[in-house]
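Asks: Chains A and B are the protein sequences, given in the same order. For the first sequence, UniProt numbering gives the first residue as 1, with consecutive numbering after it. For the second sequence, UniProt numbering gives the first residue as 1, with consecutive numbering after it.
Just so you know, these hints were derived from the structure itself, not from any lab. Only a predicted model underlies this, so the values are computations on that prediction, with no experimental measurement involved. Mixed in with the good hints, there may be bad ones.
[As the list claims (entries may be wrong)] Derived list of chain A stretches under chain B, where covered just means 3 residues or more per stretch with a C-beta under 8 Å from a C-beta of chain B: (1) 85-97; (2) 141-149.
[As the list claims (entries may be wrong)] Taking lysine-lysine and the DSS-like style, the derived pairs with C-alpha atoms no more than 30 Å apart in a straight line are: (3) A/Lys173 / B/Lys52; (4) A/Lys193 / A/Lys111; (5) A/Lys111 / B/Lys52; (6) B/Lys52 / A/Lys113; (7) A/Lys113 / A/Lys230; (8) A/Lys83 / B/Lys52.
We put the beta carbon where it would ideally sit given N, CA and C, even for glycine.
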Amino acid sequence: MINLLFTRARRAGILVGSGALLLLAACQSQPDTAADRLPYLGEREVVPRADGGPADTLYATIPRFTLTNQDSITITNDTFKNKVYVADFFFATCPSICPKMQSEMLRVYEKFKDDPRVLFLSHTIDPAHDSVAVLRDYAQRLGIQNASRWHFATAPHDTIFSLARAYYVPAEKDDKVAGGFAHSGAFTLVDSKRRVRGLYDGMNPDEVARLMEDLPVLLKEEAENASQAKL
Amino acid sequence: MRWRAADLLRLGGFLAAGTLAAGCFTDRQNAGARLYAQHCAHCHGDEGQGLKRLIPPLAGADYVAENRNFLACLVRRGVNGPMVVNGITFNQVMPGHEDLTDSEITNLLNFVQSSWGNKGKPFTIREVSEKLQACAGSDGQ
Chain A
1 MINLLFTRAR
11 RAGILVGSGA
21 LLLLAACQSQ
31 PDTAADRLPY
41 LGEREVVPRA
51 DGGPADTLYA
61 TIPRFTLTNQ
71 DSITITNDTF
81 KNKVYVADFF
91 FATCPSICPK
101 MQSEMLRVYE
111 KFKDDPRVLF
121 LSHTIDPAHD
131 SVAVLRDYAQ
141 RLGIQNASRW
151 HFATAPHDTI
161 FSLARAYYVP
171 AEKDDKVAGG
181 FAHSGAFTLV
191 DSKRRVRGLY
201 DGMNPDEVAR
211 LMEDLPVLLK
221 EEAENASQAK
231 L
Chain B
1 MRWRAADLLR
11 LGGFLAAGTL
21 AAGCFTDRQN
31 AGARLYAQHC
41 AHCHGDEGQG
51 LKRLIPPLAG
61 ADYVAENRNF
71 LACLVRRGVN
81 GPMVVNGITF
91 NQVMPGHEDL
101 TDSEITNLLN
111 FVQSSWGNKG
121 KPFTIREVSE
131 KLQACAGSDG
141 Q
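One chain only, chain A, in its complex shape (with noise of 0.2 Å):
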């Protein structure tokens, strides 16, 4: 399951990658300007227009959310209006493929940190144990010093993993596996309008670099638009 995710997301990746954009676009039903765009993930939905205009065609978002963070705010999906995120998801006792992950993320952070643009957002999938005050040592010791940029967030534990499913992150509690939660190690690349772009291997420098190669490609598809709303 976790494989053929990343089978999907990488194929996508290859086809923006070398070129085939026309094959790409074709599916679109929007005329596309600009070269590079990076695919949709997930459903989507055609919906004829009422005055009979060409159709509109509506993707998969993000549902609602409302977590807590480290430093005790409330976020919602309003948090990041108007930006692009990536987010993952781990807990702070993980004994496997979490520090790794987040030492992962942590690049893209290093690389990003200076665009405000950009934020990221990493769920516990342990709330049981991962308490604000554990979720804000986490991430100072990982040197995160605020929330400003990076969000480390709690929720109840339904609201939890209904949002990875949402993400395209399998995770379950599994009692037989080390740490009592098997998750999958992706990062999940979101729009400004709640749209998933990307996901990628979190444990995979390889595929750690394509989401940061693709980042500037939907900042610049995000400049765009807001410039042809202006207008």
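Starting from the structure of chain A, add chain B where the hints point.
Replies: Same frame as chain A, now just chain B:
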């Protein structure tokens, strides 16, 4: 697993020596490196560098140099609670490794003892099995 320049250099050195004995030692070093990549690197880093103030380093760690008697049990049973490594207080959970044999722990520790500038005295399997008795952790293999 990925080879780093340092590993290749080290391997190259042993191969250049060309004797049977050296070949044998290379194999164990190799096994230690493989076990490290498999069981430790995702936390302590490919170069034993650790991760900020979350995971302590193994490269150049005073803790490794000063706690020789405790290292085998630390790997077997894991460790948690505050610990100071190179002047920094860490306080996270390291899980135990029940699935490793005594000889695998020996190879692992010898890899750590001789990598990234560390210069600890190598362990024998017998010594590791003895130390593991302190935490009832020897499997005699």
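Asks: Are any of the numbered hints broken by this structure? If so, which, sorted upward?
Replies: none
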